[in-house]
Amino acid sequence: MARYILRRVLQSIPLLFIISFILFNLTNSLGDPLAVYAESRNRPSARDREMITRRLGLDKPILEQYLIWLVGNDWMLVDVLGDGSRMEYGTRRGVLRGDLGLSFVTRQPSWTRIQERLPWTLALMIPAYVITVVLAIAIGVFSAVRQYSFWDNLITGLSFFFYSMPIFFIALVTIYIFAVQFKRWGLEPIKWGGTGDGTLGSQLQHMVLPVFCLVAIQLAGYVRFIRSSMLEVLGQDYIRTARSKGLSEPRVVRLHAFKNASLPLVTLIGLDLPFLLAGAVVTERIFAWPGMGRLFIESFERADVPVMMAILMVLCIAVVVFQLLTDIVYTMLDPRIRYS
Amino acid sequence: MTTQTNTSSLRGGQEEKVLSLNPQQAAKGVSNFARSMRRLRKHRMAMVGALLLLFIFLYVLIGSLLIPESVSIYNDPRRALQAPSAEHPFGTDVIGRDILARTIYGGQISLFIGVTAMLVQILVGAAVGLAAGYLGGLADALLMRLAEAMLSIPQLFLALIALRIFSDPTQFPDFNFMGRRFSSTMIVIVFVIGLTSWMRVSRIVRSVVLSVKEQEYVTAARSIGAHSWRIVFRHVLPNCTAPIIVSATLGVAAAILLEAYLGFLGLGVRAPTPTWGNIMGEANSYLDSWFYWFFPAIFIMLTVLGINFLGDGLRDAFDPRSLK
Amino acid sequence: MTIKNRVRLVLAFALAFAMVFAAVGAAPTRAQDTLTVGFAQEPDNMNGFYSSMAFAQWANDLVQASLYDFSDELTPVLVLAAEVPSRENGGISEDFTEYTVKLKPDLKWSDGQPLTADDLVFTYQMVKDPANNMLQGSNIRDALEEVELIDATTFRLKFNVAKPFPEDQIGSPGLSTILPAHIFRPIYEAEGTIENAAENQDPTVFSGPYVLREWKRGESMLFEANPNYVFGEPKIKRVLLRFFPDTDSQYAALAAGQLDFVPNVSEGDIPRVAASNPDIKITTVFGGYIESLWLNLREDTHPRAGHPALKDVRVRRALRLAIDRETITKELLAGATSPTDSIYAGSPFENKDLGVTPYDPEAAKALLDEAGWVVGADGIREKDGVKLEMRYSTTTAGWRNNIQAVVQQQLALVGVSVILERYPASEFFGAFANGGINAIGEYDIAQYANNTALTNPANVTVDEALNCKQIPNDDNPGGQNFTGFCSEEMDAASLVTKTSLDADERLAAAYKIQEIMRDNAPLINLFPRGDNYAYNTTRFTTEIRIGSGVGNQWFDIMNWELK
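Protein chains in written order, with our numbering: chain L, 1 to 340; chain S, 341 to 664; chain G, 665 to 1227.
Hints were generated in silico from the structure; no laboratory data involved. Note that the Cβ used here is the ideal one computed from N, Cα and C, for glycine as well. Careful: at least some of the hints might be erroneous.
Listed next, the in silico BS3-like pairs over lysine-lysine satisfying Cα-Cα at most 30 Å (straight line) [stated by the list, open to error]:
{"#": "1", "chain 1": "G", "residue 1": "899", "chain 2": "G", "residue 2": "766"}
{"#": "2", "chain 1": "G", "residue 1": "901", "chain 2": "G", "residue 2": "768"}
{"#": "3", "chain 1": "G", "residue 1": "768", "chain 2": "G", "residue 2": "899"}
{"#": "4", "chain 1": "G", "residue 1": "975", "chain 2": "G", "residue 2": "1227"}
{"#": "5", "chain 1": "G", "residue 1": "1133", "chain 2": "L", "residue 2": "60"}
{"#": "6", "chain 1": "G", "residue 1": "945", "chain 2": "L", "residue 2": "183"}
{"#": "7", "chain 1": "G", "residue 1": "1029", "chain 2": "G", "residue 2": "1047"}
{"#": "8", "chain 1": "G", "residue 1": "1029", "chain 2": "G", "residue 2": "994"}
{"#": "9", "chain 1": "G", "residue 1": "1227", "chain 2": "G", "residue 2": "899"}
{"#": "10", "chain 1": "G", "residue 1": "975", "chain 2": "G", "residue 2": "1176"}
{"#": "11", "chain 1": "L", "residue 1": "191", "chain 2": "G", "residue 2": "772"}
{"#": "12", "chain 1": "G", "residue 1": "899", "chain 2": "G", "residue 2": "945"}
{"#": "13", "chain 1": "G", "residue 1": "1047", "chain 2": "G", "residue 2": "975"}
{"#": "14", "chain 1": "G", "residue 1": "772", "chain 2": "G", "residue 2": "880"}
{"#": "15", "chain 1": "L", "residue 1": "191", "chain 2": "G", "residue 2": "945"}
{"#": "16", "chain 1": "L", "residue 1": "60", "chain 2": "G", "residue 2": "792"}
{"#": "17", "chain 1": "G", "residue 1": "1227", "chain 2": "L", "residue 2": "183"}
{"#": "18", "chain 1": "G", "residue 1": "1176", "chain 2": "L", "residue 2": "191"}
{"#": "19", "chain 1": "G", "residue 1": "901", "chain 2": "L", "residue 2": "191"}
{"#": "20", "chain 1": "G", "residue 1": "766", "chain 2": "G", "residue 2": "792"}
Covered by chain S, per the in silico footprint, the following chain G stretches (three or more residues, Cβ under 8 Å) [unchecked claim]:
{"#": "21", "region": "991-998"}
{"#": "22", "region": "1058-1065"}
If we strip away everything but chain L, and leave its shape as in the complex, we get:
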């Protein structure tokens, strides 16, 4: 097992290098990070702009920039003024030494910017995800054991309906009803937009609509997944054997069917979990939630390469790690599988 893990980790290293190189090239082609200043009231002079470009290292060839991003520039002399009159050692240590670089926009470490947003994203995504999975298991199993009943058909129909709904639609409709119209009807509107005034109660209230929307959208896919893997298992010979042994139906479902049907669910969850870190771009946008998705869009719009790269690399590493964890959990749950 340990050898298997080691091999997987070693395999993922070149993969991460390739991804980072491609992404670095792409994100650096997004435009001029200093362009946002053009229309501002106190725009920097052309000379200052040039100097900042040099300071940020944006005047260098892209390959050199990538190397500096990787290994830093504290071992090489940087021409601060561009005329060779003032040479100083760089200050960056590079990603390989844990320095994700400074944000072009705020000049803070990129990692700090992620740390500021990550808790908010998780505060939204984890409850939404937990509710989704719990509800999906309940509904999916319920639906599967009553295949083709009225309830099963209703659930299948509804899950198609929500599965096909763009999240902005359900979000706008819920805001329109529960916030805008409620007020018109003299009811207490549900608060939305931002995370509240800092108290837990207010924050929970602000979470109601976004969590509802996220659950509504995600639930359908999971319900369908669980229903079909349950159906597959329920059709197997060993379930028939269990039934013929005289086990009660709930026991058959719980002990035998669900246990086996949950294996593919573990894989699905393992593959989905790292993407919770990315947040929900559209949902965060609509509900003014200060999460990672919005940080990515904000960085994207200002061509803040270090922050975008940091977000993308954190995600890629999380995906690799979670895939590995999923494999390990899988072997623990399914004794038939052994890695060597």
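With chain L's structure known, arrange chains S and G on it following the hints.
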């Protein structure tokens, strides 16, 4: 029933596509296919989906025959954000354009993007899957690593970046087609969506290739000196058609949704070309003018719903095991 | 362990995590004495020298005192300075190269340390050192020779050229941030730069009416009254800035009474904001921008040459006549502003007799006919086989694209066809070296804002963006004149507005510039953009005074009072 004939014409289109992919398909395959189609016709939800799609299709097609494009462009700031009325059944937008006309012309583009992005996705996915499975070894490892790499980044992020890089009007200027002016971004977005969503198709195709390679008749065919890509067409593709048709159908829905999300963020297809997505992008800051966002959103939803119904029916039809 | 138990365990963990994260960032609740302000963007830096963002400036101005501000009527307001230096009071030398500035006595930083001329001297030294890599202060940096400490309340600045406008070197338009030397000096001495100082992001010492208590990134900033402020502790005890990613949720919060004050209401949104709640009042102050259509008059091919028709002044004037600016401002912008032909619109230097070109499509047609551009078979004008079809580019901002569509339709009525193009701001405003769309001239008509002058007639648009010497090319990649317009006469007048030591002479030169621009139409002014502020009148005891775009919007905040 009239709807029956209509939907069977839709199916006819798909049948043709499959046949063209697979000119030398054995008679056995065709009868299998015909049986699947019969099953599909009995699938109630699939038929509802097909009906929905037919409705949407007629809406954007007949709509554009009844209402000229100039109506969707004509603006009059004096009548901005008017609620639905007899004159403007879906109301007017922020510069007084008719929303009904814009959902018609925007719908054409959204559907176009959905279908063509799906084609790109299928072609690239099939090509990569075939190459990886067939060549094996290093090529396989590299291609599958690439797929893995692309799957580890949220597609929306990747699409945002690629779309911005390649939607530079100085390189790809806007163009005129049939008397209408289109933004080049609507073509760019097709490739961006297609090239960021081929990975699953390539995995399906690769696994089919690998299993076919092991079959005795392929070994036999090879031993009598059959040409490699002859084997591909004779044995691999017929075995892929069912999963490909299913993922193609669902791929259209995914492409339409992705376009809508990009448009919603204001970073999708650019004006002057409307799409359901970018109308949403303009409309979402006018929460109170519900008609502005409601109509494009409902069209997106109905289209995706129709496709999902149909895709589910196709899956059941091709894989009778799940029907029991 | 059974699967069920494992699932339970996992869920329990997940929930626990969720709870912990949910509890993150608990802050004091909003009380009656808190002014809640909505911001559409989050400040990027709390050191004013490192940001060009309006929202960062506004947040900075809450915690930063300047030497002197400007009021809503553009009159100087002394803050830390004891007097505005002038030639008359001896603060400025005869040749305008030496300023002697006196501070008020007994000034204090928020931490109780004395605020002295030494802090000012240190600040000017930091501005001067290029190692600090500042975005702001270039007008000081380029001319400052020497800064000298005279005594605890007096310092002297020496410039290498005459500087007739002290506000650009010492007033809040030029210097809105004063660095606490006791904080920054050790950092500067240790690192050789203050660029990456933690204090820039999380400042701890302040001179302004408020101190920053807590910054929840992506969410809000909480300020508390500074008892050491020069005008005494403000009446409003707390200010909470909340950040909104889109204006709609911001306006909803304002209408619901969750926000008291919102800066930067865009003109197009004024009617719906005003209608959303009868208690909301909207105030417009000078903004300092004019939204304009810039015409590409260049002939050389690198950067790209503009449409040949634009070189004919009759065509340029015809375009101005053919655009119904009145309808645009009235219907799209709710009448919050009105068309102008003056580059000095809204300032004391505007020539009111200049008049505004009316909307007159017939006159436009006649002018175009006269210029030889006649209507062709397809309804588009042409001359010598060249169609009058132009590329009209701007950023991807929604309100700009709306104006584009309306202008396109209006120009079509006179036989001018325009192709609309939209670029992300990072491409549109990119530098010449990076192939920025505007810089390399990839347009015939470009729509974006120019800067107008408010406190003095030296106009950066005229001086840089329309100056003969600033036309960029490979030898002069830093040039700022992307239109290629060149008028020696206007450059001469511009130099006078910038350097003349005689106020009347400067005003005359400003009038001359306005005339040249009206007659030559190197750009078409659409409308001046004011700064629009919305606030909830039920929250304030009296009507509030808000500063202009060049000074400090909070110049009077110590007198604001909440009910």
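Pair hint outcome, residue 768(G) versus residue 899(G) [Cα-Cα no greater than 30 Å]: holds, 22 Å
Given the hinted pair residue 1133(G) and residue 60(L), is their alpha-carbon gap at most 30 Å? holds, 28 Å
For residue 1029(G) and residue 994(G), compute the direct alpha-carbon distance and say whether it is at most 30 Å. Holds, because 24 Å separates the two Cα atoms, which is no more than 30 Å.
Does residue 1029(G) pair with residue 1047(G) here, judged by a C-alpha cut-off of 30 Å? holds, 14 Å
Need the status of pair residue 975(G), residue 1227(G): alpha-carbon distance at most 30 Å? Not satisfied, since the Cα-Cα distance of roughly 59 Å exceeds 30 Å.
Does the alpha-carbon distance linking residue 945(G) and residue 183(L) stay inside the 30 Å limit? With Cα atoms ~21 Å apart, residue 945(G) and residue 183(L) stay inside 30 Å; holds.
CA of residue 899(G) to CA of residue 766(G), is that 30 Å or under? Holds, because 28 Å separates the two Cα atoms, which is no more than 30 Å.
Under the criterion that the straight-line Cα-Cα distance not exceed 30 Å, is the pair residue 1227(G), residue 899(G) satisfied? holds, 11 Å
Between residue 766(G) and residue 792(G), is the straight-line Cα distance small enough, at 30 Å or below? holds, 21 Å
Below or equal to 30 Å on CA atoms is what counts here, so check residue 901(G) against residue 191(L). Cα-Cα ~25 Å, so holds.
Counting residues of the region 1058-1065 of chain G whose CB is closer than 8 Å to a CB in chain S, do you get three or more? holds (count 3)
Holds or violated: residue 1176(G) with residue 191(L), Cα cutoff 30 Å? Answer violated: residue 1176(G) to residue 191(L) is near 56 Å, above 30 Å.
This entry does not satisfy hints 4, 11 and 18, going by the numbered hints stated previously.
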